[in-house]
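Trainee: Residues per chain are reported as follows:
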Amino acid sequence: MNRTRESALVPFAVYIALIVLLLITWGAAYVNLGPWNNVVALAVAVTKGLLILLFFMELRVSRKATWLAAAAGFVWLGILLVLSGSDYITRGVLHIAGK
Amino acid sequence: MATDVRRAARPASAGVEPEVAEQFEDLEQQHETYELGMWLFLATEVLFFGGLFAGYSAYRIVFHAGFLEGSRHTDVTLGTINTAVLLTSSLTMALAVHSARAGKRKLLAGLLTVTLLLGAAFMVIKGVEYYGEYREGLVPWLGFRFPGPLAGGVDLFFVFYFFMTGLHAIHLTIGIVIVGVIAALARKGRFLREDSTTVEMVGLYWHFIDIVWVFLYPLLYLLSRNGGAP
Numbered sequence: 001m002n003r004t005r006e007s008a009l010v011p012f013a014v015y016i017a018l019i020v021l022l023l024i025t026w027g028a029a030y031v032n033l034g035p036w037n038n039v040v041a042l043a044v045a046v047t048k049g050l051l052i053l054l055f056f057m058e059l060r061v062s063r064k065a066t067w068l069a070a071a072a073g074f075v076w077l078g079i080l081l082v083l084s085g086s087d088y089i090t091r092g093v094l095h096i097a098g099k
Numbered sequence: 001m002a003t004d005v006r007r008a009a010r011p012a013s014a015g016v017e018p019e020v021a022e023q024f025e026d027l028e029q030q031h032e033t034y035e036l037g038m039w040l041f042l043a044t045e046v047l048f049f050g051g052l053f054a055g056y057s058a059y060r061i062v063f064h065a066g067f068l069e070g071s072r073h074t075d076v077t078l079g080t081i082n083t084a085v086l087l088t089s090s091l092t093m094a095l096a097v098h099s100a101r102a103g104k105r106k107l108l109a110g111l112l113t114v115t116l117l118l119g120a121a122f123m124v125i126k127g128v129e130y131y132g133e134y135r136e137g138l139v140p141w142l143g144f145r146f147p148g149p150l151a152g153g154v155d156l157f158f159v160f161y162f163f164m165t166g167l168h169a170i171h172l173t174i175g176i177v178i179v180g181v182i183a184a185l186a187r188k189g190r191f192l193r194e195d196s197t198t199v200e201m202v203g204l205y206w207h208f209i210d211i212v213w214v215f216l217y218p219l220l221y222l223l224s225r226n227g228g229a230p
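These protein sequence lines map, in sequence, to chains B and G. Letter by letter, the first sequence follows residues 1 to 99 of the numbering used here. Letter by letter, the second sequence follows residues 1 to 230 of the numbering used here.
There could be a bad hint or two in this list.
As the list claims (entries may be wrong) - Below, a sample of chain G positions facing chain B; criterion: calculated Cβ distance under 10 Å: (1) Gly37; (2) Leu47; (3) Phe49; (4) Gly50; (5) Gly51; (6) Ala58; (7) Ala94; (8) Asp155; (9) Leu156; (10) Leu185; (11) Gly203; (12) Phe208; (13) Val214; (14) Ser224.
To be verified - For each label pair, taking beta carbons as the anchor points, the in silico distance ranges come out as: (15) Leu167(G) x Leu42(B): 44 to 52 Å; (16) Ala65(B) x Met123(G): 30 to 38 Å; (17) Pro35(B) x Ala121(G): 33 to 41 Å; (18) Ala121(G) x Arg91(B): 24 to 32 Å; (19) Gly137(G) x Val93(B): 47 to 55 Å; (20) Ile16(B) x Val62(G): 34 to 42 Å; (21) Gly92(B) x Gly180(G): 28 to 36 Å; (22) Ala65(G) x Ser7(B): 29 to 37 Å.
Unchecked claim - Which bits of chain G does chain B cover? Going by a derived footprint, with three or more residues having C-beta under 8 Å, they are: (23) 124–138; (24) 163–171.
Bear in mind the hints are in silico, worked out from the structure with no lab data behind them. Idealized CB from N, CA, C, for every residue including glycine.
Working from the sequences, and respecting the hints, build out all of it.
Mentor: What follows is the structure, given as structure tokens:
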């Protein structure tokens, strides 16, 4: 609970960054970047998510135990997405019968 | 009963002094435990939504063209406005936590009320979107009609669209109710200074809902808006 000293200006700075990122991702969607459209959209979403996690949710100043709990959810989500993705993405590559 | 001694030793500023439950050594430990518990809950929430994100990704690979076509029929203007509304509500919630710690009663109650109203505004805009999609025949099982060979994929896209935004909306509704309750309590002088833990925990939940939307927005609204090949 030693967080009272942080300036109240920090949330405003983070908010401006979030709105700028929103405008970037919105604008980028209308530009044809080929496969990079997906990369930009997800990179911006991850950046926005990290800003909210680190500043609004104060993980930046949280204890290690809190980091562990927060990371656990995303690590398991990563396993879920990577393992199921490795199946669906490579189906066409490996020519497995039944698609 | 060490706890009782410690509690008695505090200056008696009636009403604003937080309770330390019996199982905790002191306020600091209680706060840390609440925080850890909240994050564990949020980790399960990540996986709750994660199942839908994984399903979305798998079907998007299999029904690629249908998903791109479906995304073109979402209302990107309202979706973008709603993203801004929700990000703004996260700002007011973060400021509410600041004002709770600083002991500013009126500011806290006011910021929580603004957060609540922004959440409600999001829901109204989402409702307008849903109604528009219903009118266009894009709601699966409710008069879904879509011409052409992509109908199956578009149907599946909107199944995910409604389940993902719907689950998000349920979470937001719960958030709005909780923020309403703590806003009313804050007006009476609760949650100030050392007693700010409750506002912090509600804030964590609110920001989590915001993060979910930050990912839903590009996945549902922004696919193939440029008319080019995906």
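Trainee: Would you mind marking each hint as holding or not holding in the structure?
Mentor: Hint check:
Given hint, glycine 37(G) at the interface with chain B, holds; its Cβ is 9 Å from that chain's nearest Cβ, closer than 10 Å. Taking 10 Å as the C-beta contact cut-off toward chain B, the hint placing leucine 47(G) at the interface holds, the least distance being around 6 Å. Annotation: interface hint on phenylalanine 49(G) holds; nearest CB of chain B at approximately 9 Å, less than 10 Å. Taking 10 Å as the C-beta contact cut-off toward chain B, the hint placing glycine 50(G) at the interface holds, the least distance being around 4 Å.
Restraint check, glycine 51(G) versus chain B: the minimum CB separation of about 7 Å is within 10 Å; hint holds. The beta carbon of alanine 58(G) is positioned within 10 Å of a beta carbon in chain B (closest approach about 5 Å), and the interface hint is therefore held. Taking 10 Å as the C-beta cut-off, the interface hint given for alanine 94(G) holds, the closest approach to chain B being about 4 Å. Interface hint status for aspartate 155(G): violated, as the beta-carbon distance to the closest one in chain B is roughly 19 Å, over 10 Å.
Of the supplied interface hints, the one on leucine 156(G) is violated, with its beta-carbon coming no nearer than about 14 Å to a beta-carbon of chain B, more than 10 Å. Interface restraint check: leucine 185(G) against chain B, minimum CB-CB distance 20 Å, threshold 10 Å, status violated. With a cut of 10 Å, the hint placing glycine 203(G) at the interface with chain B holds, because the nearest CB-to-CB distance is about 8 Å. Using the Cβ-Cβ criterion of 10 Å, the hint placing phenylalanine 208(G) at the interface with chain B is satisfied: the shortest such distance is roughly 8 Å.
The criterion of a C-beta within 10 Å of any C-beta in chain B is met by valine 214(G), whose closest approach is roughly 5 Å, and the hint holds. Satisfaction of the interface hint for serine 224(G) is found here, the shortest Cβ-Cβ separation to chain B being roughly 8 Å, below the 10 Å cut-off. Checked against the hint of 44 to 52 Å, the C-beta distance between leucine 167(G) and leucine 42(B) comes to roughly 20 Å, which is inconsistent with it. Range check, alanine 65(B) to methionine 123(G): about 35 Å between beta-carbon atoms, so the 30 to 38 Å window is met.
Between proline 35(B) and alanine 121(G) the CB atoms are about 35 Å apart, so this pair conforms to the stated range of 33 to 41 Å. One distance hint, 24 to 32 Å for the beta-carbon pair alanine 121(G) and arginine 91(B), is violated here, with the actual separation near 43 Å. One distance hint, 47 to 55 Å for the beta-carbon pair glycine 137(G) and valine 93(B), is violated here, with the actual separation near 37 Å. Distance hint check for isoleucine 16(B) and valine 62(G): the Cβ-Cβ separation is about 40 Å, which falls inside the suggested range of 34 to 42 Å.
A hinted range of 28 to 36 Å is violated for the C-beta pair glycine 92(B) and glycine 180(G), which are about 50 Å apart. Restraint check, alanine 65(G) to serine 7(B): a C-beta distance of roughly 49 Å breaks the suggested window 29 to 37 Å. For the region 124–138 of chain G, the stated coverage by chain B is not satisfied: 0 residues place a CB nearer than 8 Å to a CB of that chain, which falls below the threshold of 3. Interface restraint, the region 163–171 of chain G with chain B: violated (0 residues with C-beta to C-beta distance below 8 Å; minimum three).
The structure fails hints 8, 9, 10, 15, 18, 19, 21, 22, 23, 24 (numbered hints given earlier, in ascending order).
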